[in-house]
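Trainee: Going down the list, the sequences are from chains A and B.
Residue 943 in numbering that gives the first Met the number 0 sits at position 944 of the first sequence, with consecutive numbering throughout.
Residue 55 in numbering that gives the first Met the number 0 sits at position 56 of the second sequence, with consecutive numbering throughout.
Simulated from the structure, these hints should not be mistaken for lab results.
No residue lacks a Cβ here, since even glycine has one placed at the ideal position from N, Cα and C.
Among the clues, some could well be false.
[Stated by the list, open to error] If you only want the chain A side, here are some residues facing chain B, beta carbon under 8 Å, derived:
no., residue
1, 119
2, 714
3, 837
4, 934
[As the list claims (entries may be wrong)] In the DSBU-like style, the derived pairs of lysine-lysine whose C-alpha atoms are separated by at most 30 Å in a straight line are:
no., chain 1, residue 1, chain 2, residue 2
5, A, 105, B, 127
6, B, 276, A, 980
7, A, 426, A, 584
8, B, 43, A, 935
9, B, 43, B, 282
10, A, 986, B, 313
11, B, 415, A, 979
12, A, 988, B, 227
13, A, 961, B, 316
14, A, 347, B, 127
15, A, 825, B, 415
16, B, 127, A, 983
17, A, 951, B, 316
18, B, 278, A, 951
19, B, 198, A, 980
20, A, 983, B, 43
21, A, 950, B, 316
22, B, 127, A, 986
23, B, 195, A, 106
24, A, 950, B, 276
25, B, 195, A, 105
26, A, 54, A, 366
27, A, 983, B, 198
28, B, 43, A, 961
29, B, 313, A, 974
30, A, 986, B, 415
31, B, 127, A, 822
32, B, 276, A, 988
33, B, 278, A, 318
34, B, 198, A, 318
35, B, 79, A, 841
36, B, 195, A, 980
Spelled out from the first residue to the last, the chains are:
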Amino acid sequence: MSIRNYFILLFMIFHFVALLAQEGFQVNGVQNNFKPTFAFTNAYIVVSPEKVIEKGTLIIKGDRIISVDTTTLIPKDAIIIDLNGDYIYPSFIDLYSNYGLPKIEKKNNNYYSPQYESNKKGAYHWNQAIHPEINASSNFNTNKEERENYIKNGFGSVLTHFQDGIFRGTGTFVLLSDKSNQESMLEAKAATFYSFKKGVSTQKNPSSLMGSIALIRQSLLDAEWYETQKEQTNLSYYSYNNTNDLPKVFSVTDVLDYQRVHKIADEFEIEFIIKGNGKEYSRIQEVINTSSPVIIPINFPNPYDVSNPEATEWISLSKLKDWETSPFNPVILANNNIEFCITSSDLKNENDFFKNLKLAIKKGLKKSDALASLTINPAKIVNLDSEIGVLEVGKIANFFIASNDVFENGIIYENWIAGEKNIITKKSLIDIRGYYTLNSTEFKNELVKITGKKENPELIIYSLDSLPLISKIVGSNINISLKNGSFRATGKYYNNETIKGRYQNIDGAFYNFIMIKDSTIEEKESAFSLEIENNIPAIWTPNKSYGFNKNKPIPESVLFKNATVWTNEKEGVLLNTDVIISNGKIIAIGTLLNPFNYFKEGEFKTIDASTMHLTCGIIDEHSHIAISRGVNEGTQAVSAEVRIGDVINPTDHNIYRQLAGGTVAAQLLHGSANPIGGQSAIIKFRWGQSAEEMKIKNADEFIKFALGENVKQSNWGDQERVRFPQTRMGVEQIFYDAFYRALEYEKSWIEYNKLPIKKKRITPPPREDLELNALVEILNSERFITCHSYVQSEINMLMHVADSMGFKINTFTHILEGYKVAKKMKEHGAGGSTFSDWWAYKFEVNDAIPHNATLLNNNEVLTAINSDDAEMGRRLNQEAAKAIKYGGTSEEDAWKMVTLNPAKLLHLDDRMGSIKVGKDADIVLWTENPLSVYSKVIQTYVDGKLLFDIKKDLELRQRDLKERMRIIQLISEDKTSKNKKQPKPEKEKLYHCDDRDEE
Amino acid sequence: MIEMKSKITVILLCLVLFSTKVYSQKPILFIGGTAHLGNGKVIKNSAVSINNGKFDIVADASLIRIDPSAFDTIHRIYDKHIYPAFIVPNTTLGITEISAVRATNDYNETGNINPNVRSQIAYNTDSKISKTIRSNGVLIAQVTPRGGRISGQSSIMYLDGWNWEDATLKADDGIHVNWPESYYETGWWANPGGIKENKSYSKQIDELTQLFNKAKAYSNGSNIIDLKMESMKGLFEGNKTLYVHCDYSGDMRDAIEFINNFNIEKKVIIGGEDALKIKDLIKKNNIPIILNRVHRLPDSQDNAIDAPFTQAYKLQKEGILFCLSYSGSMEAMGARNLPFTAGTTVAYGQEYEDAVKSITLNPAKILGIDDILGSVEKGKEATFFISTGDALDMKTNSIESAYIKGKSINLNNHQKDLFRMYNNR
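Kindly produce the complete structure, drawing on both the sequences and the hints.
Mentor: In structure tokens, the structure reads:
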């Protein structure tokens, strides 16, 4: 160190002393003003992920670092600690914590009736789960036990927040010192937090993931609007707007949520930091696309107990694959240049932190990346990198001392936080092990051996018949006692060679003894060597049975020769006909087509379809598969703002099963728990692709309505008698009320938009309402209705409502009494999408008849047959055939009921629903007449991509079994955890219209 | 008490009399149809006659000489099909009408141990549903209570009758035990939960064992009447069937051990999702299985997507006696789809006539009524139907006429009435 530097050092010492006085505190007694300087010499200093000083000195004064160097110049008043080669690291930072905060408990809702409105006092958001006004700093209290759990894992500071609700409020950044709350708090409001989970709110809404998402959207809009209005005070929006410039951390529990957060982020131009669930590896592209920094837990799954081969079959391949791949999650993020932080949250046991961290290193995570993820990355995210995160002059003295490389076999001795020492593992300086000669009045030249661990030595006196144990070694003081209590001694270790002390024999007499060390025992510790196993397992899309390995399918060029082709066009069913597809479209239909008019040699494949029937794919007008976490937001009578499109689950294996039944597309509908439900998603079953990719581009927008028993909660139990409506009379009024509100709303926007530019600039815009937006779209025929309906009175009623408000009901779904009002439906222009033969499950379906589809069709109502059921959705061909049986519909018409007609109902018949040149190559090959119960699907193409193949399916089963056995083998060999998870059967979540599970 | 016992005997005797009541019929001949006999055989150009409520001639029409004057009526059914009555086992048909309306549900008695409750007397012959089931060829149902550890006793009923007495084919054919589940589902229909391990599994088996010990002791002679014990007597005397509902392989093993320990002569497993996993044990113990509905999803995401469709064929290959059922959600009104589930098994490997057997003679054997019916065979009860097309395919299933005990039944129903009414509007 140069003289100049020395002066700088002196200056800084002075400077920080001034800072460190406990100002603003009343002290009971005399103040401790002296803040000593500590110099840690001979240390291996890991300054930052990029910089290491192999033999250096770290000097701190008070709570700050004043020098990190190779210097030997140490201030005179410094207390020198010779680390003798020990490692120093910057202490870790955890951004996802609830340290020092009161536990959140869900209040027992003692009300007999469901709670539809907020019961929170004060001028806050109408929804109890939105509470941006809550500040962790107001409730923070240092907590010894929680603190110790953190610091023993090397953490020195955390960002702590209330882990509850959707808008969770602000988190506070605190040092894990045992100082006062005031001194521990580095930044009172360091970030704001969000999630999709409503938490302990006792209010009904939201009950679904899509409800949460809609609520977030509307709240973000309302927070903006709040600034422009003067009519009301809302402390929630006030707080949100006041903390808007803080970093925003969004916590998710499903890797599919990344895309969901991303959409919100794009829409509102928010940059979120996403706290994930550790499964990022499985959909890494979607994580990359968010371009958000992520915070990940390292709660790698424990291995399963695979000893019972039958029970092991219950463990899904996706879980087995997850067990294998999860420890690679950090390195996969690093390989993809995603900025990430590691959190110790979500671990079941805090002792797993280092175990799992080292496992991640073993799986290829670079130590520098690991360190960055725990220090500088989190510091940067909360904009505190000028204070913390690396060991540099001026930074807070948060560092820990370890015996060696902590990412290998190093153990932490001390964790210094804000310049104060915390002992984690006592560095046992004294090693008493060796061979001794014992002498006392009774013993003469007895040989004694002290072995075992340094911290926990064992002592053997060869002349005594049983093994004595050293029960305790504290510093240089040793207690020795024989198991039977006949020999109890206390002694002290002197000068590295002698133990002197006294013992008491069985008669109560005391004797002095002396043990002189003859030689030491050679320590045979095997050298630690880090073995990297960086062969990342293959990740399938989706990462489960029947997923795609590496090669995602591409649109194929195929000549189907001599098929029986069900065109659904005026040509009807054509025999011995060729069909050619290319680039995802049907490009030719005819007899004896010459493929070389379309392709060059080798550019296409030919399928001899002479024994096969070729059809377009089945379209299911009414499905609830492939939906995440809730199909109903039935907590309000009108929930037009919620969107199934936000919650598509592309990993649902029912997608593959539907493909195996020839079904290629579906309208995923909101449930039927309320009169005006949510917006639909119209998707193709593009197995292996993302939620967004599944959506059919430029499809018209639809919304679910519902009538009858479900919306009036007839079968929900006696306590559900609160929400309006409870009768069909009330249902009508809900519609009128909603649409009149929508008209008023539209008017206010029209008036606002008509204002001259100058006036517009000074006039606040009307409040944007997502629910009313959707209703206005309906009024303007920009959004179309699929309405769950059963009895004729209500069908009739809704057509009256629509007629009087000037729009049309596009589709009545279920529509089991449609046959009674078919003529009226025809007149109104509504289509019907019905069950083939369901009835008698509730009172309103007592007059449901399996002839319904035929009668509707005969009355020229556009008629489809749908599933509303994952099982039925994979054999809709059979359901269509029932129209032939019961009503006598022709085969071609019956077939259209599951293909062309639903395409028309969904306004997709320009591209789907028939075999016609120019339409999408959604092709199904059948073993025979597709309406026969004996018909099986041979191949299913979606957009020309072969997504199901009966032969390949058998290969996939073999592949999946092989993969399963490979991982079971690995688990059997795994020694990392004794905690084996017991397998148990998994239950599939299957949704129907009336399922109301809670998010 | 002894008086009461004899009263019960009188009642039982009455039932036997009612159920064996025979309709007087003149001989009728059906000629030219394809007769699917239900026993795995088929006669393409058949001659089938019925006399006094029973099948008489069952033959190849081209191989026998027929005297037309011997028959009151001759039905020429060329290109049509004859099938023995389809039988739907393990169903709540007739004891439920509208699932969501509690007042119409009579299948789930309160309490855990109800071996004494009898579905027979709650059977609604005027059920609107059953009329729609029989018009698809399903003419017989094992009407089965649900719920609890022991749900009660099923009875085998014709889907025709003025009252439950004359609709009874076999009263109180067996007792239904819901075997403890080692893993059970949580939640309810509108909000399903996950699957949890049943920590009380062995305790529940112990309880069941104790109950059976008691019942067995009772069956060896007791001078007081205990309705529950009385109802279980037949299990040990070999005249009642023990129906054990279970699906997991481990549970099935335990159930079979239990059945063997009590030396139960007539035993059936209902469900048997994992039957193929323990096929050898099932074969060795000769336990028939009433399968879950064919039209269901595979039991796990990894399982073969067609596993439920191929199960019947695989069991057939193993020589295990099984039959199909339609139990599960909407089982009563859905029972009319039973024939089509048999059709699906044909698409997935089963021989056609074996598929017919799996809903005719097989269930008759399993339910212990094959001495009465189940196949088109001389001397068996003429409970059958004529379909203009293949009855296992929904595209062609069209029941032209149906006979119960030789008597033609009305195939009209509430739904057909509504169809006609609105079609002719």
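Trainee: Evaluate each hint against the coordinates.
Mentor: Hints versus structure:
1. At about 25 Å, the closest approach between the beta carbon of residue 119(A) and any beta carbon in chain B exceeds 8 Å, and the interface hint on this residue is violated.
2. With its C-beta approaching chain B no nearer than about 5 Å, residue 714(A) sits inside the 8 Å limit, and its interface hint holds.
3. At its closest, the beta carbon of residue 837(A) sits 7 Å from a beta carbon of chain B; the interface hint therefore holds under the 8 Å criterion.
4. Because the beta carbon of residue 934(A) sits about 7 Å from the nearest beta carbon in chain B, less than 8 Å, this interface hint is met.
5. For the suggested pair residue 105(A) and residue 127(B), the alpha carbons sit about 47 Å apart, so the restraint of at most 30 Å is broken.
6. Of the pairs offered as hints, the one joining residue 276(B) and residue 980(A) holds, with about 23 Å between alpha carbons and a cut-off of 30 Å not exceeded.
7. A distance of roughly 72 Å separates the Cα atoms of residue 426(A) and residue 584(A); the hinted pair therefore is violated under the 30 Å criterion.
8. For the proposed pair residue 43(B) and residue 935(A), the alpha carbon gap of about 26 Å is at most 30 Å, so the pair holds.
9. Between residue 43(B) and residue 282(B) the alpha-carbon distance is near 33 Å, which puts this suggested pair outside the 30 Å criterion.
10. For the suggested pair residue 986(A) and residue 313(B), the alpha carbons sit about 25 Å apart, so the restraint of at most 30 Å is met.
11. Taking the CA atoms of residue 415(B) and residue 979(A), the gap is about 59 Å. The hint is violated against a cut of 30 Å.
12. In summary, the hint linking residue 988(A) to residue 227(B) is not supported, as the alpha carbons are separated by about 38 Å, beyond the 30 Å threshold.
13. For the proposed pair residue 961(A) and residue 316(B), the alpha carbon gap of about 26 Å is at most 30 Å, so the pair holds.
14. A distance of roughly 56 Å separates the Cα atoms of residue 347(A) and residue 127(B); the hinted pair therefore is violated under the 30 Å criterion.
15. Taken as a hint, the residue 825(A) and residue 415(B) pair is honoured in the structure, with Cα atoms around 23 Å apart against an allowance of 30 Å.
16. Taking the CA atoms of residue 127(B) and residue 983(A), the gap is about 42 Å. The hint is violated against a cut of 30 Å.
17. With a CA separation close to 25 Å, the supplied pair residue 951(A) and residue 316(B) stays within the 30 Å bound.
18. Between residue 278(B) and residue 951(A) the alpha-carbon distance is near 28 Å, which keeps this suggested pair within the 30 Å criterion.
19. The straight-line distance between the Cα atoms of residue 198(B) and residue 980(A) is roughly 16 Å, inside the 30 Å bound, and the hint therefore holds.
20. For the given pair, residue 983(A) sits about 50 Å from residue 43(B) by alpha-carbon distance, which is inconsistent with the 30 Å threshold.
21. Restraint check for residue 950(A) and residue 316(B): the C-alpha separation of about 22 Å stays at or below 30 Å, so the hint holds.
22. The suggested pairing of residue 127(B) with residue 986(A) is violated, with an alpha-carbon distance near 34 Å, which exceeds 30 Å.
23. Proposed proximity of residue 195(B) and residue 106(A) is supported: the alpha carbons are some 25 Å apart, at most 30 Å.
24. Distance restraint check for residue 950(A) and residue 276(B): the Cα-Cα separation of roughly 24 Å lies within the 30 Å cut-off, and the hinted pair is therefore satisfied.
25. With a CA separation close to 23 Å, the supplied pair residue 195(B) and residue 105(A) stays within the 30 Å bound.
26. For the given pair, residue 54(A) sits about 19 Å from residue 366(A) by alpha-carbon distance, which is consistent with the 30 Å threshold.
27. Our distance criterion of 30 Å between C-alpha atoms is met by residue 983(A) and residue 198(B), whose separation comes to about 13 Å.
28. Simply put, residue 43(B) and residue 961(A) have alpha-carbon atoms about 47 Å apart, too far for the 30 Å limit, and the pair is violated.
29. Of the supplied pair hints, the one linking residue 313(B) and residue 974(A) is violated, its CA atoms being roughly 40 Å apart against a limit of 30 Å.
30. The straight-line distance between the Cα atoms of residue 986(A) and residue 415(B) is roughly 39 Å, outside the 30 Å bound, and the hint therefore fails.
31. Between residue 127(B) and residue 822(A) the alpha-carbon distance is near 27 Å, which keeps this suggested pair within the 30 Å criterion.
32. Of the pairs offered as hints, the one joining residue 276(B) and residue 988(A) holds, with about 25 Å between alpha carbons and a cut-off of 30 Å not exceeded.
33. Note on residue 278(B) and residue 318(A): the hinted pairing holds, with a Cα-Cα distance of about 28 Å set against a maximum of 30 Å.
34. Distance hint between residue 198(B) and residue 318(A) is fulfilled; the C-alpha atoms sit about 24 Å from each other, no more than 30 Å.
35. This hinted pair does not check out: residue 79(B) and residue 841(A) have alpha carbons roughly 37 Å apart, beyond 30 Å.
36. Annotation: proposed proximity of residue 195(B) to residue 980(A) holds, straight-line Cα distance about 13 Å (limit 30 Å).
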